[in-house]
Structures are given as C-alpha cells and as structure tokens.
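Colleague: Take the given structure of chain A and dock chains B and C to it, following the hints.
So you can see what is in the structure, the chains are spelled out below.
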Amino acid sequence: MEYLWKIVLLAAVLFILGLFASGLGNDSRNIPSPLIGRPASVFHAPALDDGPEISLESFRGRWVLVNFWGSWCVSCRHEHPYLLQLAKNTAKRSDFVMLGVDFKDTREGAKGFLQALGDPGYRQAFDPDQTIAIDWGVYGAPETYLVDPQGVVRYKQVGPLFNGWFEKIALPLMEPKHENR
Amino acid sequence: MMWIELAHFATIIALLMAVVQLMAPVVGVLALRPAWVRVGRQAAYVVAVALTLAVIGVVISFLNHDFSVKYVAEHSSLSLPFFYRLTALWGGHEGSLLFWAWLLGLYTAMAVWRHWSSHPHSVPVVLSVLGAVITGFLVLILFLSSPFERLPRPPMDGRDLNPMLQDPGMVFHPPFLYMGYVGFAIPFAFALAALVNGRITDEWIVATRRWTLFSWAMLSTGIVFGAYWAYHVLGWGGYWAWDPVENASFIPWLVATAFLHSNMVQERRHMFMRWNLFLIITTFSLSLLGTFLVRSGVLSSVHAFASDPGRGVYILMFMTVVLLASFGLLVFRSDRLKSEVRLESLLSTEAAFLFNNLFLVVAALTVLLGTLYPLAMETLGSAKVTVGAPYYNKVFVPIMFIVLALMGVGPMLVWRGMQAQRLLRAVWIPLAGASIAAGLAFSFLGVRHPYGIVCIFLALFVAVSHGLDWGAAVRKKMIAAKQGFIPASSNLIRRNKRRYGGFMVHLGIVVMTVGFVGSGLFQEEKELVLAQGDFVVMGDWRLTFTGIHSVQGSNWTAQEALITAETDHGKKITLRPQKRVYNNHPMPATEAAISSHFLEDIYVVLGEPVSDANWAFRLYRNPLVSWVWGGAEMMALGILWSLLQGRSFKSKKRVDGTGPALQVDPSHS
Amino acid sequence: MKTGNPWIFLTGWLLAWFLTTLPGVASEKMEEPSEAMVRTIAKSLRCAVCQNQSVYESNSDLAKDMLGVIRSKVVAGESEYAIRDYFFQRYGDYIYLEPTTQGSNRLLWIGPFVALLVGALALLAALKKWRRPSSPIAPVTPADHSFKERLQRELKQIES
Chain A
1 MEYLWKIVLL AAVLFILGLF ASGLGNDSRN IPSPLIGRPA SVFHAPALDD GPEISLESFR
61 GRWVLVNFWG SWCVSCRHEH PYLLQLAKNT AKRSDFVMLG VDFKDTREGA KGFLQALGDP
121 GYRQAFDPDQ TIAIDWGVYG APETYLVDPQ GVVRYKQVGP LFNGWFEKIA LPLMEPKHEN
181 R
Chain B
1001 MMWIELAHFA TIIALLMAVV QLMAPVVGVL ALRPAWVRVG RQAAYVVAVA LTLAVIGVVI
1061 SFLNHDFSVK YVAEHSSLSL PFFYRLTALW GGHEGSLLFW AWLLGLYTAM AVWRHWSSHP
1121 HSVPVVLSVL GAVITGFLVL ILFLSSPFER LPRPPMDGRD LNPMLQDPGM VFHPPFLYMG
1181 YVGFAIPFAF ALAALVNGRI TDEWIVATRR WTLFSWAMLS TGIVFGAYWA YHVLGWGGYW
1241 AWDPVENASF IPWLVATAFL HSNMVQERRH MFMRWNLFLI ITTFSLSLLG TFLVRSGVLS
1301 SVHAFASDPG RGVYILMFMT VVLLASFGLL VFRSDRLKSE VRLESLLSTE AAFLFNNLFL
1361 VVAALTVLLG TLYPLAMETL GSAKVTVGAP YYNKVFVPIM FIVLALMGVG PMLVWRGMQA
1421 QRLLRAVWIP LAGASIAAGL AFSFLGVRHP YGIVCIFLAL FVAVSHGLDW GAAVRKKMIA
1481 AKQGFIPASS NLIRRNKRRY GGFMVHLGIV VMTVGFVGSG LFQEEKELVL AQGDFVVMGD
1541 WRLTFTGIHS VQGSNWTAQE ALITAETDHG KKITLRPQKR VYNNHPMPAT EAAISSHFLE
1601 DIYVVLGEPV SDANWAFRLY RNPLVSWVWG GAEMMALGIL WSLLQGRSFK SKKRVDGTGP
1661 ALQVDPSHS
Chain C
2001 MKTGNPWIFL TGWLLAWFLT TLPGVASEKM EEPSEAMVRT IAKSLRCAVC QNQSVYESNS
2061 DLAKDMLGVI RSKVVAGESE YAIRDYFFQR YGDYIYLEPT TQGSNRLLWI GPFVALLVGA
2121 LALLAALKKW RRPSSPIAPV TPADHSFKER LQRELKQIES
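Residue numbers (the numbering used here), protein chains in the order written: chain A, 1 to 181; chain B, 1001 to 1669; chain C, 2001 to 2160.
Keep in mind that the hints are not guaranteed to be accurate.
Stated by the list, open to error - One-sided and incomplete, this derived list gives chain B residues near chain A with beta-carbon spacing under 8 Å: (1) M1319; (2) T1320; (3) L1323; (4) F1327; (5) V1331; (6) L1372; (7) A1376.
Said to hold, decoys possible - Footprint (simulated), chain C over chain B, 3 or more residues, beta carbon under 8 Å: (8) 1065 to 1075; (9) 1343 to 1354.
To be verified - Label-pair ranges, simulated between beta-carbon atoms: (10) B:D1612 with A:P172: 53 to 59 Å; (11) A:A12 with C:A2076: 47 to 53 Å; (12) B:H1270 with C:D2085: 30 to 36 Å; (13) B:D1612 with A:G121: 40 to 46 Å; (14) C:L2124 with B:H1597: 45 to 51 Å; (15) C:S2060 with A:A12: 32 to 38 Å; (16) B:I1056 with A:W5: 42 to 48 Å; (17) C:S2060 with B:A1472: 52 to 58 Å; (18) C:L2121 with B:V1610: 56 to 62 Å; (19) C:A2076 with B:F1444: 36 to 42 Å.
No lab work stands behind these hints: they were computed from the structure.
Just so it is clear, CB atoms sit at the ideal spot from N, CA and C, and this is done for glycine as well.
Only chain A is shown next, with the shape it has when bound in the complex (with noise of 0.2 Å):
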C-alpha cells in the first residue's frame, strides 16, 4: 500500500509523457473515414463544363478515383500535375475512370485554375455548397476516395495524392492477385 501510491504517480506521470511524445506526429486534422467498405454515395451533379449531368452510377463496373477540390485549395496545385499524369497514364484502362468535384468554389474560379494548370481531360462535377462533399464526409481539400466497380468505397487519401500513389495504393486493392505474386 505505501509503495503503490509511488508506482502509480510514476506510471501516470510515464504515461502522460508517452502519450505526448507519440502525440506530436500525428496530424490531428486527418480523421479516418467510416465510409471505407461502404457503398458510396451515388450522385447526380451538374458539369462544370456545363456538359450532361454526371452520375456516379454511369460508372459501375469500373473502378472510379473521385477527387474533391477546388480552385482555393493550395494543396491542389501542388498535386495538380499528379492528377494530369495519372489521368493520362491510366487513359487507356479500361477498368479505370477518373473523376473530379469541385466544390465550394465559382465556375470561373475553377475553370481559371484548370486553363492555368492543365485540364487533365477527366469529367467534373460542380458542387458549390458541398452537399456531395458533406454527402462523402470530405472536410478539406484534396481528398480522394477509390470506389470499386461495384460502387464501394475501398480508399481514401486525405490530402495530395503523391507521386506513386496509383502504383502504390490503388493497383494493389484493384488487382491483389498481382500483389501477391
């Protein structure tokens, strides 16, 4: 009794300790999504090219990235280029489609951003009072998610897809044969 008070003040005063020394990496910002293995979603929303309605079921069958953004997101110009060249890499699957929505944002704002960055060819679909990004939990930008063909959603990456995301992340979930060989 006299010697348990000492152990468990030490303990305590460790494990607050420990606790903050773990604490400092995390970026407490990133909240993981509940919406992982869950159907996604579906929706219809207007181009923002002002081209046909897109709907997320036209796409069942393939596997679909979905990238929210917008024009006032600084971390999206950084991973502009990426979107560009995966768009262009991956045009010829036929099992993959991209997919961009930009939301919050103006027409001319985003429009703006893709004539000065590249358009990287893909459909968007204009959100501007983010109900489909409240509708995905999306709270910041970029995120993307990848859904499968049969409209679950399988990842999603808060934050600027990197360079090697697709090989790294996506290819895996979509082929894991090839994983494991």
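Modeller: Relative to the frame of chain A, chains B and C by itself:
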C-alpha cells in the same frame, strides 16, 4: 533601431546568469561556501534585470514599427492601434515565451529578496530550481523560437496582429494567466526545497501561502478574462466551450484550489505534508502542460494559433526533465517528510478539506481525461473521437455540485472536531432556506432542468450558511465589544482577513454559479433574416433593424448594422453589430454587439447579406451573464483582502484575544 | 410631444398603431419553427474543420454548409436521430461532440466515477486509521518518559 539587438543580448546574458543561478547555490551548499549561494542570488537579480531589458527592447521595437524584426512584422502593422502594439508582445508564440520567462525572473528575484533571511535553508534550492526552469525557457527562446530574429528584407508594413487577438480581453487574458501559471513556480520550488532538505518543517507552506493565493487569484482572473474574450470575439453567444486550451488552464486551477484548502490543514494541524507537496508539484506541472498544450500543436483547438512540432519536441523534453525530477523527488524523498496524521473527528474542518480535495482532484482528473482521451485514442487505437461540452456538462458538473455542497458546510465546521448535534443545529436553517428557494424557482421561475434546481439550491445553501456564520460572529462581537453593527462588522472583517476574504471568494463563486445557471439554461436565441424595419421580440426587448452602413477603423473596414433595442419601461439602446474586414486579413471577423444589463445581456451578431436589404442575424438573450463577471470580481477582491493578512496565526490570535488558544472557535479558521 | 394636448397625443397614438399594423412597413419577424431543431442538431455536431466548435457556433464555410444540409433535412421532415446518424455514418465518432457510450469510450464515462469511488473508499479507510478521538492534549505515554529521561542523561553526559 538597435533595440532588438539589445534585447537579444540581454536575453543571452540572462541565460548565462540563469545557469549561474542554477549551479552556484549547488556548489555553495555542497562545498559549504555560503558565498556561492550569494553569487546565485546576485545572478537571479541580473536575470530579472536583463529579462526586463529584453522585454522593453521588444516592446519598443513594436512601438517603433521596426518591421525588420520578424516577430514585429508578423504581429503588428502601421495601422495597429497603439494599445495593441504595446501588448503585441504576447500576441504570438515567441513573445509569450519571453513574457513568461520575464515574469519568472521577476518572481524569482522577489522571492529571493523576501525569503533570503527568513528561509535560509530553502533559498539555495529555490534558486537552483527556478534557475533550471528559467534556463529551460531561455534555451527555447534563444535557440528554437527567437523573437529577436531580423528579416533580411524588411517589409514596408507588417502583417498585423491576428484580428481575433485585437480585443481588450486578449490583452489581459495571457498576462493574468501567465502571472498565475508562473506564480506557482515559487511554491513549487519551495516544495522541492523541502524535499531536498528533508526538513520536517512547515516552513515552505508558511513561506508560500501568499504566493499561492496570489497565483491562484491571477490564474482565476486570467481564465475569466479568457472567457470574457471568447464571449466578445468568437460571436457564438457563449463564453466557455470546454476547448482543450481552456481546459489546459482550468485543470491546474482545480488542483491549485485543492492545494489552497489543504495547505491550511498543514499550517494549522501540521498534517498532509506529502499530499500538499504532491498537489503543488502537480499544479506547476499542469501549468507547464498548459503551455505545452497550447504551444506544441499536440492538441489543436480554436486558439492554438502557434503550433510547431520542433518546439514541441524540446518542450516535451523539458517537461520530461521537470516532471521526472520533481515527481521523482516526491516519490523517493518524501518518506522522511511523513507527518503524523491524527484526526479527532470526522466532523472537522480538516476532514471536510480532505473530501474537498478528493472531489477537486477527481474533477481535475475528469477534465484531464476528457482533454487527453482523443489524443490517447488516436495514438493507441487509431480512432478519432471528440470530447465536447456535453461530456463535461454530464460528468464534470455533478462532481462540482458536491464541492459546492461542501463549501456550504465549510463555515459550520471547526478545526479538530465538533458534536454532530451542533452541526445538525447549524445546518438546518441553510438547508431550509435553500429548499424554499429551489421550490420557488421550480414553481415561479419555471426552472425545470435538474441542474438548475440543484444549482439554485446549492447557491442558496452556501450563501445562507456563510451569511449566518458571519451574522453570528458580528453579533458576538457587538456584545463583546459593545459596538454597533457597522463598526463591529468592519472590525471583524479587518481582524480576520483570511476568513472573510475566503467568504468573499465563496460568495463570488455562488454569484458565478447563478450566472452559469442563467446563461447556460435560459439562453434564448434566434436566427433570422431581417429587412430594414423588421423587429424581433426577445424577452422584454423589442429589437428593430433600423439600418446598415459602412464604418472604418484604423486597420479595418466594416459593415455595421443598427439595431434599436427598446423595452416597455422606456429603455432604449442602439446596438451596432459589425462584420469587419481587417486590411491584412482576408477572413471577415464578426464583432458582436453586446448590451449588458444586471439581469440579462442582449447579444447580436451580424451574419451574411441575403439580398440587398435583407441580412441574416443571430440574436441572443443571455440571462445573468454579467453575474459571471461580477462573481469573478468578487473572487479577486476576496483574495486581495486575504492577501493583506500577516502570516502568523499564533501572534494574531494573541492580539485578537477572542479566546484561549485551545478553545475551538468557529470564527477562526 | 407637448403634454396637455390630447389631440396630438391621440393622432400620434393612432399613427403608431396604424404603422405597426400596416403590412410590409414594420413587422415582427418570428423564427421558423424548424429552427429550434436545426439548432439542437447543429449544436451536437462538431464542425469537422474547426477544432472543438459545434457546427452551429462555427463561422467556417464547411460548418455553414453543414448547417444548410441539416436545415434542408429538417425541413424535409427527417428525424433528429436520422440526421445525426447521417453525419455519423460519414464522419464517424469524430462528429459527435458528445462521445458515444460504446467501446472504449466507456472509460471516459465511467472513469471519473470509479476514481471518485476508489478515492472515497481509500479516504474513508485512511480516516478510520487516522481517527483517534482524544482530549486536546495528548497524554504523556511511558515511552515518552523513558525517551525524555534518556535524552536528559545523554545531554548531561555531553556537557560533562
């Protein structure tokens, strides 16, 4: 223009001298050379002077608009009003740390000066401990977050102070908070001295009573200023959000409150010495933790405006050293400080203080748990959880009810013990009064929330029990000294400043509690779109939107709405809520218009324009908010009053002559 | 207004009455009845981008749009539970300001009370140990006598 270099140089000197202050007394004690301890003392004085110069240098750089100084360029601008330039020192991370170190330097010098001859055994250790803490801070300031850095290409104008900080509340919140945080360093150092020396005396408690009271008062005031700032600036109609940063200052406050009570037991009955050591070490550690939480970015929150992991690593290392050294000393050295504990009765002040301590410490633990739980979940379980206000309302508040109840019983109890019957006789009037008040509140004021009923009951219970005690003491005095009511009561209050200062603090808390009930449970709010000429009814008030126009401040422009508020009894006020855009900050800031009255505040926030003539508004009627501020002022006054009392009980007793030393007298606790 | 002239008073009063009842000139605005529920829900959800502020209290864009979503769902007649759950499904535990009572969160809810219980029991046990009702002046025990005698003896030895 060389002021910042002067400040920088002074800080370097301060660091060197702080190391001397840390080392010299150690040498002096080990080698039995008192001269070395005196060297340590002189070093402490030099540290204080040098840091004062450093602070002056930074402040003058702000006043001179020296934008070649990075810190000035980032936290000021040509158009920043004078008042904010003067106080921009603590508008950012680097300056806040310097300010902290400066306060610690001043306190150290004062403590050494005051206690040099009266506490010769403690002073060397106190010097070393405080020297170590200052060294830790100065290393951080000089090497990791320097406010003295120059910019190679100075900008024409600075980036301006964060608009959220351009408010009187933010001018006063950090200094008071820091005066409290840093103040606990002195009792902490004396506690460590007691542990190092292993002397079984109550010297450190007596020496640090005033430091503790003072720091507690500053911390309380600082917290309330923070709440006041939140109320004015954040524009959501409330003042306390259980934000991690708010909690970081509240946790040490709770533990310090426990210490404040339990050190009286040591002073009077020479008991619980180890417990007191634990409490003060914890208080200061939590104060450091408060800095750490705000400054490291471990827990982000609304106003964690400076986060930097690099500094975080250093602060963590520093904390580790301080915590392990102090708690280690407590664990390994405190056995020799064991005091014999003996309670004559469970119905005694000392027993009540034990329970007060239990509940306050558990309350502190609760807030700590709620604050750290998300971090723990993230680190250990990789899940994100939010612990928000509803949690604290459900778990923390009931625990505090018990503390309030104990506060009401407090004045009826006496040291050493009393008969149960006597307590029962004393307790029934306040109980009856409180029950009647709670009943009236239920049936006439429409208080339905259980918390409301319980709070009103407890508030009345505390108020009546304190009032009765005071009344009885005045009556006794009137009879004994054959004086009238006023001279008798003023005599009484002057004779026993500690007791009646404490009463004042307790009543302040009662007043605040009533404010919490009013504003927490009876807030009325409306969110509406108004066109010019539209009016809204809030309680007795009729608020008419009469116009909107542009106004210009020295560093902002704003849309200002005019709202005329009228009551049936002819009161008429104009409220001017604004939507401000500061020149150097793109995000608009809302300036709520607040009209404070004795019973309620009218609080109006201007929202977005819906069309040309229609604007969105949020309107609040916040009952009894001014009671929260008023109660806090009472608390501060009470503490100031009890600070005035000299430190010796025994001598005072002799002078007072109201009873023999051994007789249990309720008017002297 | 001049006092004593009833006509001026009467016309003024009539004018005031006329103005306040005239539609479109000045009218009392009442809050939409659905707003109370919107507020309850928005206050229980955390704005995902700000730290520890509720959706209702935050000024951030995301919070404003979340408020919009809540409002449209309330107007569409969804229940409070359904709307809260909608956000929970998308943002997880993080979105509730009040943590759930499931899983390890139980520690959060029960912990303080367990601490209180353990503390109270320990304190009561200690009080029992410490409690020694006695007269204010402790009686001198034989041990004290012998100690005092020895002290005196030793002191004398040192002196001599």
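Colleague: So, against the hints stated earlier in the document, which numbers end up violated here?
Modeller: 8, 12
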